[in-house]
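**Q** Sequence:
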Amino acid sequence: LPQTDTEEEPGVLEEPHVRFAPVMIKKKRDSLQEYMDRQHMSDYCDVEDDAVKVSKLIDILFPDFKTMKSTNVQTTLALLHPDICEEEKDDVLNVIHNEGFTILMQRQIVLSEEEARTVCKIHENEEYFDNLIGHMTSNHSYVLALRRENGVEYWKTLIGPKTIEEAYASHPQSLCVQFASGNFPTNQFYGSSSKAAAEKEIAHFFPPQSTLALIKPHVTHKERMEILKTIKEAGFELTLMKEMHLTPEHANKIYFKITGKDFYKNVLEVLSLMEANGWPSRPRRSKTALPRIPPSQIWTRHFEKCCPWGV
Numbered sequence: 001l002p003q004t005d006t007e008e009e010p011g012v013l014e015e016p017h018v019r020f021a022p023v024m025i026k027k028k029r030d031s032l033q034e035y036m037d038r039q040h041m042s043d044y045c046d047v048e049d050d051a052v053k054v055s056k057l058i059d060i061l062f063p064d065f066k067t068m069k070s071t072n073v074q075t076t077l078a079l080l081h082p083d084i085c086e087e088e089k090d091d092v093l094n095v096i097h098n099e100g101f102t103i104l105m106q107r108q109i110v111l112s113e114e115e116a117r118t119v120c121k122i123h124e125n126e127e128y129f130d131n132l133i134g135h136m137t138s139n140h141s142y143v144l145a146l147r148r149e150n151g152v153e154y155w156k157t158l159i160g161p162k163t164i165e166e167a168y169a170s171h172p173q174s175l176c177v178q179f180a181s182g183n184f185p186t187n188q189f190y191g192s193s194s195k196a197a198a199e200k201e202i203a204h205f206f207p208p209q210s211t212l213a214l215i216k217p218h219v220t221h222k223e224r225m226e227i228l229k230t231i232k233e234a235g236f237e238l239t240l241m242k243e244m245h246l247t248p249e250h251a252n253k254i255y256f257k258i259t260g261k262d263f264y265k266n267v268l269e270v271l272s273l274m275e276a277n278g279w280p281s282r283p284r285r286s287k288t289a290l291p292r293i294p295p296s297q298i299w300t301r302h303f304e305k306c307c308p309w310g311v
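So the sequence shown is residues 1 to 311, counted in the UniProt record's numbering.
Keep in mind that the hints were calculated from the coordinates and are not lab data. Watch out, some of these pointers could steer you wrong.
In silico SDA-like cross-links for lysine to any residue, where the CA-CA straight-line distance does not exceed 20 angstroms [as the list claims (entries may be wrong)]:
1. K229 - S210
2. K242 - G260
3. K156 - L93
4. K200 - L93
5. K156 - N139
6. K162 - S193
7. K232 - H245
With beta-carbon atoms standing in for the labels, derived distance ranges [said to hold, decoys possible]:
8. E34 - I231: 27 to 33 angstroms
9. H140 - K195: 26 to 32 angstroms
10. S210 - Q108: 40 to 46 angstroms
11. N72 - T259: 46 to 52 angstroms
12. L240 - E166: 46 to 52 angstroms
13. I258 - I231: 21 to 27 angstroms
14. I258 - E87: 40 to 46 angstroms
15. A203 - S170: 45 to 51 angstroms
16. Q108 - A196: 22 to 28 angstroms
17. E223 - E87: 39 to 45 angstroms
18. S194 - E126: 22 to 28 angstroms
19. P63 - A203: 28 to 34 angstroms
C-beta: ideal position from N, C-alpha, C; glycine also.
Kindly generate the complete structure, drawing on both the sequences and the hints.
**A** Right, dumping it as structure tokens:
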């Protein structure tokens, strides 16, 4: 088709569907050091921005950090049948520790019929199945959540196949052979079949629960980090964390068991002067008043003197 000359208004786009997003000018975010300076906390925190130095410090302070990122750490469910639970549980727990597992959770339980049928499903076509279910539901079993590298497959290999006869033939070093006992020809141990199964089974036997923990004021920053690390290693998930100044009203609710004690007023005095993260309410003034003694030591001594009931 021949082109015709047309006048175009300046600034009008030929493609009206094309839209340009407005340019957003982001405000420069303060560095951590600048934030600490503004909050008057720089005297109590060391901040390192150099990437090389940060990497070295992580290796020193958190030696397992890089290793854990590169490994396939898994959690699996393990169950000890009643005969093992009653007679040889401690020996099995020693083996579990020696094999590098971390026990995140453990409990003794009498299985319901539905739970027993799930655990013993691989034997459901055997003539002894009903008797096995009766045995499992009338005696205590021991259930654990175990964690280690390749934990699901490692535990399955460690316990061996489903029957003692098979274990003797193919896995003579397995737990099935080492702890062969009872009136049934079955493996006395159970393990999750996959990661997905492990998550489902752990959620069933160890339903999530919430609890509250309070780190007391005299704890130093270093000690607080060690406490938080221990909490996470124990399998807890931190869903909410905050630092706050404990008022007498808060303290009365938290320490209600000792509000009638003679030393309770000293507890309130300490809590009213300190932040819950272990720093003084006025760190600058505190440092000036006693320049030769670190604030953490000052408050620790004061707290120990005021609280004969312990930390």
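**Q** Which numbered hints turn out to be false for this structure?
**A** 2, 4, 5, 7, 10 and 15
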